[in-house]
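Visitor: Okay, here's what each chain looks like letter by letter:
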Amino acid sequence: MGKGNSKLFDWINMAGFVWLAIIMLLPFLNVITLSLEPAHIAAETGVLHLFPREITFEAYISIWQYGSIQSAFMNSAFITVTGTLLAVLATGMLAYGLSHREITGMRLITYLALLTMVFKTGIMPTYMLVKHLGLIDSLWAVIIPQMLTAFNLILMKVFFEQLPKELSESARMDGCTEMGTFFRIIIPISAPIIATISLFYAVEYWNEYFTAVMFLTSVDKKPLQVLLREILIESVNEGSGADSLNLGKNMKMATAVYAIVPILFVYPFLQKHFTKGILLGAVKG
Amino acid sequence: MEVIQKIEEKTRRKPVRNKFLRDLKKHKFIYLLVLPGFLHILLFDYYPFYYLQIAFKDYSVFRGISDSPWIGFQNFVDLFESKYFLQSLGNTLMINLYMLGFGFFVPVIIAILINEIRMVHFVRTVQSVLYLPHFLSWVIIGGIFATMLSPSSGLVNVILGWFGVDPIFFMADTRWFRSVLVFSQIWKEAGWGSIIFLAAIVGIGTEQYESAIVDGANRFQRMLYITFPSLVPTMLVVLLLQISKLLKLFEQVFVMYNPVVAEVSETLGTYVYQIGIMRGDIAFATAAGIFNSIFSLVLVLAANHIVKMIRGTPII
Numbered sequence: 000m001g002k003g004n005s006k007l008f009d010w011i012n013m014a015g016f017v018w019l020a021i022i023m024l025l026p027f028l029n030v031i032t033l034s035l036e037p038a039h040i041a042a043e044t045g046v047l048h049l050f051p052r053e054i055t056f057e058a059y060i061s062i063w064q065y066g067s068i069q070s071a072f073m074n075s076a077f078i079t080v081t082g083t084l085l086a087v088l089a090t091g092m093l094a095y096g097l098s099h100r101e102i103t104g105m106r107l108i109t110y111l112a113l114l115t116m117v118f119k120t121g122i123m124p125t126y127m128l129v130k131h132l133g134l135i136d137s138l139w140a141v142i143i144p145q146m147l148t149a150f151n152l153i154l155m156k157v158f159f160e161q162l163p164k165e166l167s168e169s170a171r172m173d174g175c176t177e178m179g180t181f182f183r184i185i186i187p188i189s190a191p192i193i194a195t196i197s198l199f200y201a202v203e204y205w206n207e208y209f210t211a212v213m214f215l216t217s218v219d220k221k222p223l224q225v226l227l228r229e230i231l232i233e234s235v236n237e238g239s240g241a242d243s244l245n246l247g248k249n250m251k252m253a254t255a256v257y258a259i260v261p262i263l264f265v266y267p268f269l270q271k272h273f274t275k276g277i278l279l280g281a282v283k284g
Numbered sequence: 000m001e002v003i004q005k006i007e008e009k010t011r012r013k014p015v016r017n018k019f020l021r022d023l024k025k026h027k028f029i030y031l032l033v034l035p036g037f038l039h040i041l042l043f044d045y046y047p048f049y050y051l052q053i054a055f056k057d058y059s060v061f062r063g064i065s066d067s068p069w070i071g072f073q074n075f076v077d078l079f080e081s082k083y084f085l086q087s088l089g090n091t092l093m094i095n096l097y098m099l100g101f102g103f104f105v106p107v108i109i110a111i112l113i114n115e116i117r118m119v120h121f122v123r124t125v126q127s128v129l130y131l132p133h134f135l136s137w138v139i140i141g142g143i144f145a146t147m148l149s150p151s152s153g154l155v156n157v158i159l160g161w162f163g164v165d166p167i168f169f170m171a172d173t174r175w176f177r178s179v180l181v182f183s184q185i186w187k188e189a190g191w192g193s194i195i196f197l198a199a200i201v202g203i204g205t206e207q208y209e210s211a212i213v214d215g216a217n218r219f220q221r222m223l224y225i226t227f228p229s230l231v232p233t234m235l236v237v238l239l240l241q242i243s244k245l246l247k248l249f250e251q252v253f254v255m256y257n258p259v260v261a262e263v264s265e266t267l268g269t270y271v272y273q274i275g276i277m278r279g280d281i282a283f284a285t286a287a288g289i290f291n292s293i294f295s296l297v298l299v300l301a302a303n304h305i306v307k308m309i310r311g312t313p314i315i
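Note that the protein sequences, when read in sequence, are chains A and B.
Those letters in the first sequence? Residues 0 to 284, by numbering that gives the first Met the number 0.
Those letters in the second sequence? Residues 0 to 315, by numbering that gives the first Met the number 0.
Read the hints as simulated data drawn from the structure, not as lab findings.
Nothing here was measured: the structure is a model prediction, and the numbers come from that model.
Incorrect hints may appear among the rest.
[As the list claims (entries may be wrong)] When the alpha-carbon atoms are kept at most 30 angstroms apart in a straight line, the in silico DSS-like pairs for lysine-lysine are as follows:
| hint | chain 1 | residue 1 | chain 2 | residue 2 |
| --- | --- | --- | --- | --- |
| 1 | A | 164 | B | 27 |
| 2 | B | 18 | A | 271 |
| 3 | A | 164 | B | 18 |
| 4 | B | 244 | A | 271 |
| 5 | A | 119 | B | 24 |
[Claimed, not checked] What the simulated footprint calls covered on chain B by chain A, stretch by stretch (three residues with Cβ under 8 angstroms from a Cβ of chain A suffice, anywhere in the stretch; the number is not a length):
| hint | stretch |
| --- | --- |
| 6 | 22–28 |
| 7 | 283–297 |
C-beta: ideal position from N, C-alpha, C; glycine also.
Start from the sequences, fold in the hints, and give me the full structure.
Guide: Okay, here's the thing in structure tokens:
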């Protein structure tokens, strides 16, 4: 293979990736186009809907008039914000404690946390527990059980372990208590990892679907993902679902865009930090 | 210095309980920090083991757990006599086999080919596009596929129509639904899966490539005889990871399937949900869950053992 062939390979290779990118983007283009078209155009069959022939934000505005979508959005926002705050707090506190391996008990708790990755009891025992705690049909049932994931715990613990020991030592020399060190020294320099883990939890909570279906029974508790499934999939597959909502195609797609946009918003940060996280996990694993 | 060493030696010899009490006094704040998370782990990860006994009982909600009589392994016997359980086990294995067969090497190939491109901006843009679906929920991905595959107005059927193909109801056709699952799984995760292989490629020493160039190896030969074999250990780890998740195939199917295609797509996960939550046969579902966990562990250990036999060294 000469130089010419090598160049040719480069071109074919890149063309291949352009094609791949198009295959990945076409579905999104389709969804966005449909959401921007007026109802009668979006309903047309036999055409591709890849570029809107007429642009209107009518679907995005009128979707808010449906109370159920508004409340679903609010439920998702509540779960995501409250859940992320609590989860980062619980995970960060535990991870910082466990990074003190020399203190009695910390190693044991670390092993206990790691073991949960190997053997899970399954959905039935979790369901029974949530039921016994009286959390069925409460948004807390979606928030509390997911507050601590082993993966995030390890990421934070590794971060705290890598901090130079001199930092907390010199703080103690200056008469700082453990509490003072934690609040005045550790938290400020941990801002990057706190931001990263917050993003991870936020995406998990925003995308949470199954626990919501399992634990939430009343209509006004539904988060966006549950409503979205009824609108997007059940109605197409079974011709039913979300009976009360006889939505036009443009409005369905607008709802989907509402669910995608928050993720797109944090995507640049996600990509950067997730890549680091997964690589760290790979090295440690 | 000597004094410190002596004190350290003394404390090392003291019983653990004393050290614990001393630590507790000295590091009150640290124990306080750990407490909520520790309790969370105990309550949500370990306490549920208590409920596993239900699998060995003739459980009824009215009698409660302790008053329900023990019946040994009867629930497990029933499980293996249930046509639907065996069907869902078969489906789980088949769908996973398809996913591995068609999808396993896609991230590897993406990583190797993307590594050949030298234009940084092009690579970054492609990566951003390829990774995106990983962060979207299965509800959104499933919804997008349902829209694209709709028989009346979906993009795919419109294009098929140009070639004179009659509309296919992919999402409600037992012949097509598994392919939809396999394709959407690859579409969502293959790009993201390539990250770990890209990292492994970066770790390959440049000397190998340099001596290959001296020996006159062209780019294809270098990819085939250096890059690909260097990725085998990573591939094995990824394979093991995927085997450990094999029986967890759940959310994707749960979101996308419907009664029409249940016979080809009911998996162990969705089966447990249907039996336990929808029909309320909690003992039966708990037994299925236990089988699920143990079978998963056996699969992982078996895969590890097979690799050990072939290669001489295990994966983990």
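Visitor: With reference to the structure, classify each hint as holding or not holding.
Guide: Taking the hints in turn, this is what the structure says about them:
As the CA atoms of residue 164 of chain A and residue 27 of chain B are separated by approximately 19 angstroms, the hinted pair is consistent with the 30 angstroms bound. For the proposed pair residue 18 of chain B and residue 271 of chain A, the alpha carbon gap of about 43 angstroms is over 30 angstroms, so the pair is violated. For the hint pairing residue 164 of chain A with residue 18 of chain B, the CA-to-CA distance comes to about 22 angstroms; that is within 30 angstroms, so the pair holds. Distance hint between residue 244 of chain B and residue 271 of chain A is fulfilled; the C-alpha atoms sit about 25 angstroms from each other, no more than 30 angstroms.
This hinted pair does not check out: residue 119 of chain A and residue 24 of chain B have alpha carbons roughly 35 angstroms apart, beyond 30 angstroms. Residue count for the stretch 22–28 of chain B with a Cβ under 8 angstroms from a Cβ of chain A: 5. That meets the three needed, and the coverage hint holds. Remark: the stretch 283–297 of chain B is confirmed as covered by chain A, as 7 of its residues place a Cβ nearer than 8 angstroms to a Cβ of that chain, reaching the required three.
Of the hints listed earlier, those the structure fails to meet are numbers 2, 5, in rising order.
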